[in-house]
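The residues making up each chain are set out below.
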Amino acid sequence: MATEPRQKPLEEREAERTTMSGHPIAPLYGPELAPADPEESIGRPGEYPFTRGPYESMHRGKLWTMRQFAGFGTVEETNKRFHYLLDHGQTGLSTAFDMPTLMGYDSDHERSLGEVGREGVAVDSLDDMEQLFDGIPLGGVTTSMTINAPAAILLAYYVLVGEQQGVPADKLGGTIQTDILKEYIAQKEWCFPIEPAMRLVTDMIEWCTENMPRWHPVSISGYHIREAGSTAQQELAFTLKDGFTYVERALERGLDIDDFAPRLSFFFNAHIDFFEEIAKYRAARRIWAREMRDTYGAKREESMRLRFHAQTAGVSLTAQQPLNNVVRTSLEALAAVLGGTQSLHTNSFDEALALPTEEAVRVALRTQQIIGFESGAPNTPDPLGGSWFVEKLTDEMEAAAYDYFARIDELGGMVEAIRRNFPQREIADAAFTYQREVDERSRIVVGVNDFVQEDEQPTPILRIDPSLERKQTDRLAATRACRDATTVESALAELKRAAATDANLMPPIIAAARARTTEGEMISALQEVFGTYTESPVF
Amino acid sequence: MEAATARKIRVVVAKPGLDGHDRGAKIIARALRDAGMEVIYTGLHQTPEQIAETVIQEDADAVGLSILSGAHMTLVPRVVELLKAQGVDDVLVTVGGTIPADDIPELKELGVAAVFTPGSGTDEIVDFIRSGAEERHEREEA
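Chains as they are written, first to last, in the working numbering: chain H, 1 to 539; chain F, 1 to 142.
Worth flagging that the hints you see were computed from the coordinates, not collected in a lab. Warning: the hint list may mix true and false statements.
Unchecked claim - Covered, in the sense of this in silico footprint (three residues per stretch, anywhere, with C-beta under 8 angstroms from a C-beta of chain F), are these stretches of chain H:
1. 99-106
2. 115-121
To be verified - Just so you have them, the derived chain H footprint on chain F, three or more residues with Cβ under 8 angstroms:
3. 12-21
4. 43-49
5. 103-116
All C-beta atoms in this analysis are idealised placements derived from N, C-alpha and C, irrespective of residue type, glycine included.
Using the sequences and the hints given, assemble the complete structure.
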C-alpha cells in the first residue's frame, strides 16, 4: 500500500517528467516551436520523406490489416483458431510457431520434450503446413509467419501449400519475419552463426525478389528489442540499423535496390507511453526514406516507404487485475493507429501468463474494430501532425537514432556491434533501470506497485493439453513412414552440397520440403556445414 | 552472523529449455550481484543436466530457474530430480516466469521453495534468496 502521497509537489513533478524511455518532456510545447516551412519540414502523407505516412489517404482510404498472432498445440487447434479469428472479422493471418519449430528441432527431438505446442503451433513438415491452412485459400488472404533462423524452410512449406491449392508463388501475399540480427540482439532464437544466417536472409530476399513480388521476405523488427527492455530510441535505432545492414548485404549480392527495397517491411512495438510511440513511427519513416534515397541510391518512391506492422507491448501486460490490460492494449493500439501502422496485433488481456483464450482474443480483435469503426481515428491521415509536442518529439527521436547509428558505425557496423555485445548491453542496462524505477515506485504500474488488490482470484487461462505433444510426434512418425526415404536422403545431401557453395538455398530447400524432409532434418544438415551459435551473455 | 566473516552466497541463475526470454533472468542476476552475491548466469538453452552440473560444480547455495515458455512442468521437476539424485537436495530452488497459479502447489510439493510470477519485486526475490542461503550456511556450519 502507498505510504507516501501519490502526487508529489508541483515543482518536483515538473522537474522530473520523462517518457518511459527516460526522454525529458518539457512543461509546455507551444507555437514558438512551429517550423518556418511546415510543407518542407513536416511534409505530406504519401510524399517523401513520408513522415506523415507512406500513403496519401492512409486509413481513410484503407484500414490497417487486423492481424492477430495465433498458434498453439498442433496444426488442428491452430487451424481452428485461424478460422475463429477470420470469422470474427480479422483481415490477415499471423502464425506463432512453438519453441522447437523456432529453434529448428523436430517435435520428437529430446530438446523438444515438454515444449511442443506450448508457445505456438508445432510444424515439422509440409504435411503439417497443409493442415495448418486447411480451408483457407492462400490466394485470398495474406499470412505473416513469425520465424527467423528456419524461415527459408517455412517459406518453402508455404509456397508448396499454395502450389497444391493452385496458387502460384507470385500470387502469394504475406510476410515472413526472417530478421536474424534481432535474434542475436533480443529474441534469441538461432540455429547458425551470424554469417551463414545472414547468407540465408540474402538468399530469401534474392529469391523472393525474383519469384514472389507480393511477398515480404523480411520483417525488420523492433518489437522484440523493446520487449527485451530497450528504450524507444534504442528500438528505433537498432531496428533501422538492422534494416540498413540487410540492404547492404543485398546490394553486395548484386541486387538492385529498387527491385528488393519495396518489399522490405518493418515490425514495431506499440508501448504504453502514447506520444513517444507516435513520434517513434514518424521518425522511423523519415529516417528510412532519407537513407534509402541519399545513402543507398534508391530512385523509386516504393523503395523509400517504410511500412510496418505493430503489436501492442506484451511486457506492459500485468498478471494482476488482468482486465486493466484491455485498457493498456487499447491505448497502445490507438498510438499505433495514430502513428500510421499498416497492420496491427492487439494483445489479449490474459496474456501475462498464457496464450489467449478465445474470449480474450475476441475482445482484443474488437478493440481494433472499435478504433477502426467507432472512434474516428482513421478519418484523416496523421491527425497529430503539426502538434508542437509530437513534431518536437519526432525530431528528438530522429536525433537519438542518429547518435546510435554513429556509435554502431564506430564499432564497425551492426554485425560487429552484436559480436561485441553492444546492443545487448544497452538493452540489459535499460531493462535494469526500468525495473529499478518500478521497485522504487518512481514509475507506477497500476495493480502492481500501486492500486494493488490484495484478494484477487486467479483468471482462467488457456492450458495446453500435454497429450498434444504425443499427437504431434505420432503425426511426425506417420510423415516419416509415408515418404520416400531415398528422395529425402538425396535432397539432404544436395542441400549440404549447395550450402557449402554460394548457391541460393531456396531451391534445394523447396525440393527437400516437397519430399517431406522435416525442418529438424534440414536444420541439422545445414548445421553440419554452417556450425551452431552460442552467445556470451552480458547482464 | 557478522558480514565480515560470512561466506559469500553463491547463486546460479539458469534458463532451462528452449526459452529465449532472458530479460528477467538478467535483471535478477545483476540484482543478486549488486547485493554482494556470487552469481553464475548459465545463459540460454540449458538442459536440466547442464543446470544440475553447474549447480554442483559451482557449489551453489541457490538456483533460480527462469522459464517463460510454458515448459516448466517438464523442466523444473527434472532439475529437482537430478539435484536429489546427485545428493544435492538442500540447495534452495526458486522459479521465476510465466507460471500459472494452478501449477505452483505442485512445484512446491516437488521442493521448489518459491515461485516468483510477473509483478514480483526484485528486492523480495533478493531477500528470499539471501535468507534461504544464509540458513543453508548456518545448517552446514552447525
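Here's how the hints hold up against the structure:
1. 99-106: Coverage by chain F holds here, the residue count being 5 at a Cβ distance below 8 angstroms.
2. 115-121: holds (count 3)
3. 12-21: With 5 residues close enough to chain H, the hint holds.
4. 43-49: holds (count 4)
5. 103-116: violated (count 0)
Going down the numbered hints, you'll see the structure goes against just number 5.
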